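Novice: Letter by letter, the chains look like this.
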Amino acid sequence: MRLESNRHADDDLLERYSMGRLAGPELEKFEEHLLICPQCQNNLAAADAYVGGIRSAAAEFYQRSSPVARPRLRRLFNLPRPAGVLGLAALGLFLAAGLQFRLLHRSSAPPALVLLETTRGTDSPLQAATPAGKPFILLLDLAGLQALSSYRLEIVDAAGHRVFESAAAPANNKLQITVSKGLPGGFYYVRVYAPGAELLREYGLQVR
Amino acid sequence: MIVTGATPDSSDSREAAAQPQWAELVDRIRQNDSSGLEDLYRVFSRGVRFYLCRQLGPQDLDDKVHDTFLIVAQAIQRGELREPDRLMGYVRTIVRRQVAAQIEDNVHSRRHQIDLDWGLAVHDAGSNPEQTAIQQENQEIARKVLKSIAPRDREILIRFYLREQPADQICNEMGLTETQFRLLKSRAKARFGELGKRKVTKRLPPF
Numbered sequence: 001m002r003l004e005s006n007r008h009a010d011d012d013l014l015e016r017y018s019m020g021r022l023a024g025p026e027l028e029k030f031e032e033h034l035l036i037c038p039q040c041q042n043n044l045a046a047a048d049a050y051v052g053g054i055r056s057a058a059a060e061f062y063q064r065s066s067p068v069a070r071p072r073l074r075r076l077f078n079l080p081r082p083a084g085v086l087g088l089a090a091l092g093l094f095l096a097a098g099l100q101f102r103l104l105h106r107s108s109a110p111p112a113l114v115l116l117e118t119t120r121g122t123d124s125p126l127q128a129a130t131p132a133g134k135p136f137i138l139l140l141d142l143a144g145l146q147a148l149s150s151y152r153l154e155i156v157d158a159a160g161h162r163v164f165e166s167a168a169a170p171a172n173n174k175l176q177i178t179v180s181k182g183l184p185g186g187f188y189y190v191r192v193y194a195p196g197a198e199l200l201r202e203y204g205l206q207v208r
Numbered sequence: 001m002i003v004t005g006a007t008p009d010s011s012d013s014r015e016a017a018a019q020p021q022w023a024e025l026v027d028r029i030r031q032n033d034s035s036g037l038e039d040l041y042r043v044f045s046r047g048v049r050f051y052l053c054r055q056l057g058p059q060d061l062d063d064k065v066h067d068t069f070l071i072v073a074q075a076i077q078r079g080e081l082r083e084p085d086r087l088m089g090y091v092r093t094i095v096r097r098q099v100a101a102q103i104e105d106n107v108h109s110r111r112h113q114i115d116l117d118w119g120l121a122v123h124d125a126g127s128n129p130e131q132t133a134i135q136q137e138n139q140e141i142a143r144k145v146l147k148s149i150a151p152r153d154r155e156i157l158i159r160f161y162l163r164e165q166p167a168d169q170i171c172n173e174m175g176l177t178e179t180q181f182r183l184l185k186s187r188a189k190a191r192f193g194e195l196g197k198r199k200v201t202k203r204l205p206p207f
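Sequence order for the protein chains is A and B. In this text, residue positions in the first sequence follow my numbering: the first is 1, and each later residue adds one. In this text, residue positions in the second sequence follow my numbering: the first is 1, and each later residue adds one.
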């Protein structure tokens, strides 16, 4: 939707702004309008409440389910029907191998998803948490940062020692990085840097 | 204050209030006319407050709003705003700079605290109790919404809101039309609104 300076934002635009998906002139125009429009401020507060609530609840559902296992099982049942004994034997072998693969696959739980956002105030830095010793995916909201082709990310423990480092390119104003080995329990800081050495942002992360 | 006229289609419910004439307002501020400063504050104070609160939280909000207005007014009086019609954009730039500076300040002070004594860096995990309660309520309502819908619909919402997949990708992979996708989203949102009507609308963030 195009926002004219003297018209209210529609639900779609509010939702996209709330999710950090607005950029460029559209973002500029909306934020300028937002500064002088109480109705859009109220509507945005409602959109933030909805998006924040649905994200948190969705993260719970996502972590409980194993979304990658189901399609593989479905594919097994979709195999073409063999003609003759040879085909049947091949199918049996294939099913056995498939079952073994699935059992192996089930043994590894999907990584936890950790949302790191900056819009929740300075007095609540410990919102994000993840289980100890388990892999997790960090999803960082880059809203408000300068747009760069890539960012460097490091995780330091409470004493400031670096325990993880990686670089990634953003997508949809978000940075997604997998910490495949997980971290021991404790408190950590997730720091985002420009490709040089400039520190852009820091988030708190509790590993329990 | 002088205001510009509304758009020709004034029956549109989405039409917002007419905007002030920025050049005239800027001129009065430049002349140190107190009514200019009052109008500047009246027009922008709620929005600046809202923006700062949303980005930085309610802590020291009054001081931050005051600092922002001081910067804007002084810059206008020094003649730094060369295009008065761009006042809204100018205020936005100042507010964004304030937010960036505050975040940078928080980061550096936290790093400094780590150097002195890392124990100091660990803040109280409990945020503003009211905010926490509101967030928990919203999450609970959203949980009810997600529980009440079909697994396939839930997957669509998870893909969009959590995994942040683009709408067209979701539609392609889940065999949906754009209308079906929008309808699903708006139904879920309406359900969220119904369930939370009493609680959420009465407890919007303090700004």
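It cannot be assumed that every hint is accurate.
Beyond 12 Å from chain A on every Cβ pair, some chain B residues (computed) [to be verified]:
| hint | residue |
| --- | --- |
| 1 | E24 |
| 2 | Q55 |
| 3 | G89 |
| 4 | H108 |
Label pairs and their in silico Cβ distance ranges [stated by the list, open to error]:
| hint | chain 1 | residue 1 | chain 2 | residue 2 | range |
| --- | --- | --- | --- | --- | --- |
| 5 | A | A132 | B | R78 | 37 to 45 Å |
| 6 | B | K144 | A | G182 | 42 to 50 Å |
| 7 | B | K147 | A | A158 | 31 to 39 Å |
Hints are computed from structural coordinates only; laboratory data are not their basis. Treat the numbers as computed from the prediction; the structure is a model and nothing was measured. Where is the CB? At the ideal position from N, CA and C, for every residue including glycine.
Novice: A separate judgement is required for each hint: does it hold in the structure or not?
Specialist: Hint check:
Distance check on B:E24: its Cβ is at least 15 Å (rounded) from any Cβ of chain A, clearing the 12 Å threshold; non-interface status holds. Look at B:Q55: its CB is around 6 Å from the nearest CB on chain A, not clear of 12 Å, so calling it non-interface is violated. Separation of B:G89 from chain A is inadequate, the least Cβ-Cβ distance of about 6 Å not exceeding the 12 Å criterion. Some Cβ of chain A comes within 12 Å of the Cβ of B:H108; the nearest lies about 8 Å off, and the non-interface call is violated.
Evaluation of the 37 to 45 Å hint for A:A132 and B:R78 yields a failure: the beta carbon distance comes to about 54 Å. With their beta carbons about 31 Å apart, B:K144 and A:G182 fall outside the hinted range of 42 to 50 Å. In this structure, B:K147 and A:A158 meet the distance hint of 31 to 39 Å, their C-beta atoms being roughly 37 Å apart.
Hints 2, 3, 4, 5, 6 from the list above are not met by this structure, while the remaining hints are.
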